[in-house]
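A.B. asks: Sequence:
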Amino acid sequence: MKSASPAAALTVESWGMTRRGHACHENQDAFLNWPEHLLWGVADGVGGSGNGASASRLLVRYLMRTPAPPSLDGHVENVTRLLARSNRELRQGGLGDAASTVVVLLIHGGGAACVWSGDSRCYLLRERTLYQCTRDHTARQRTIERDELTHHEAERMVRGNVVTNAVGVRDTLRLETTRLSLRRGDRFLLCSDGLSDSVSPEALATHLGRPRARDAALGIAETLDGKEQPDDATFVTVFLSG
Numbered sequence: 001m002k003s004a005s006p007a008a009a010l011t012v013e014s015w016g017m018t019r020r021g022h023a024c025h026e027n028q029d030a031f032l033n034w035p036e037h038l039l040w041g042v043a044d045g046v047g048g049s050g051n052g053a054s055a056s057r058l059l060v061r062y063l064m065r066t067p068a069p070p071s072l073d074g075h076v077e078n079v080t081r082l083l084a085r086s087n088r089e090l091r092q093g094g095l096g097d098a099a100s101t102v103v104v105l106l107i108h109g110g111g112a113a114c115v116w117s118g119d120s121r122c123y124l125l126r127e128r129t130l131y132q133c134t135r136d137h138t139a140r141q142r143t144i145e146r147d148e149l150t151h152h153e154a155e156r157m158v159r160g161n162v163v164t165n166a167v168g169v170r171d172t173l174r175l176e177t178t179r180l181s182l183r184r185g186d187r188f189l190l191c192s193d194g195l196s197d198s199v200s201p202e203a204l205a206t207h208l209g210r211p212r213a214r215d216a217a218l219g220i221a222e223t224l225d226g227k228e229q230p231d232d233a234t235f236v237t238v239f240l241s242g
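Residues in the sequence shown are numbered consecutively from 1, following full-length UniProt numbering.
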């Protein structure tokens, strides 16, 4: 799908896909691909008895209520407010242990912002270099930031991938936000950990180097299909041109 961003004279093309993990009875991921509104998101549900799927889909439904933004800051405020509402509904709605990670990409004018909670990621490919725009909210990442373990030691942690933050985990939602200026040719990837745990950054960069957002998404899906990844893998590719 394509959409024009007049303020920045940019054309946006995006594509979203999901794959159920081979160890999963149900796909508990969800995604939003809304180029007309310059808004994209990936949610990875957590919880038993199908509650994780309910949580991730609830988040996407709330994101679809986002009004047209007056500015990038306004866009971030709208998304933050709606995610806080979804957090309250999960906490009070009788869904038990239902929760969901989320990562959202917003664009307005010549700027972009990532808003996230959990270990779903946003990557940026710029001039053939891949950057991770988000940091994981996991036990592993926390030990690294506290200098308790080296990166190599942390990678071998038992239960190191346990999420320390997500929508629905606590009464007060904790979100992290980062902003950046856009350049023509920027290419974004939003994904759940089922993708980032299964496909190397080098391979992701190669796929994002393809001509179209659709080509990149189909290439990633083909790589996943050949790996039989255990966890659900969901992703959205967003390409900017002008």
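Check before you lean on any hint, since a few could be wrong.
Stated by the list, open to error - Just the calculated beta-carbon pair ranges, DEER-fashion: (1) Val162 / Gly209: 28 to 38 Å; (2) Glu176 / Pro70: 35 to 45 Å; (3) Gln92 / Pro67: 31 to 41 Å; (4) Arg81 / Gly110: 21 to 31 Å; (5) Asn161 / Thr129: 34 to 44 Å; (6) Asp171 / Gly110: 19 to 29 Å; (7) Ala68 / Arg179: 29 to 39 Å; (8) Glu127 / Thr11: 12 to 22 Å; (9) Glu176 / Ser71: 16 to 26 Å; (10) Asp97 / Glu127: 37 to 47 Å; (11) Val162 / His22: 15 to 25 Å; (12) Thr178 / Leu218: 24 to 34 Å.
Hints were generated in silico from the structure; no laboratory data involved.
Don't be surprised by glycine CBs; every beta carbon is placed ideally from N, CA and C.
A.B. asks: The structure should be examined with respect to each hint, and the outcome stated for every one.
C.D. replies: Structure-based check of each hint:
1. Val162 / Gly209: 28 to 38 Å: 33 Å, holds
2. Glu176 / Pro70: 35 to 45 Å: 23 Å Cβ-Cβ, so the 35 to 45 Å window is violated.
3. Gln92 / Pro67: 31 to 41 Å: 24 Å, violated
4. Arg81 / Gly110: 21 to 31 Å: The hinted range 21 to 31 Å holds for Arg81 and Gly110, with Cβ atoms some 24 Å apart.
5. Asn161 / Thr129: 34 to 44 Å: Check failed, 26 Å falls outside 34 to 44 Å.
6. Asp171 / Gly110: 19 to 29 Å: About 37 Å separates the Cβ atoms of Asp171 and Gly110, which means 19 to 29 Å is violated.
7. Ala68 / Arg179: 29 to 39 Å: At roughly 19 Å between Cβ atoms, Arg179 and Ala68 fall outside 29 to 39 Å, so the hint is violated.
8. Glu127 / Thr11: 12 to 22 Å: At roughly 19 Å between Cβ atoms, Thr11 and Glu127 fall inside 12 to 22 Å, so the hint holds.
9. Glu176 / Ser71: 16 to 26 Å: 20 Å, holds
10. Asp97 / Glu127: 37 to 47 Å: The hint (37 to 47 Å, Cβ to Cβ) holds, given that Asp97 and Glu127 are roughly 43 Å apart.
11. Val162 / His22: 15 to 25 Å: 21 Å, holds
12. Thr178 / Leu218: 24 to 34 Å: 28 Å, holds
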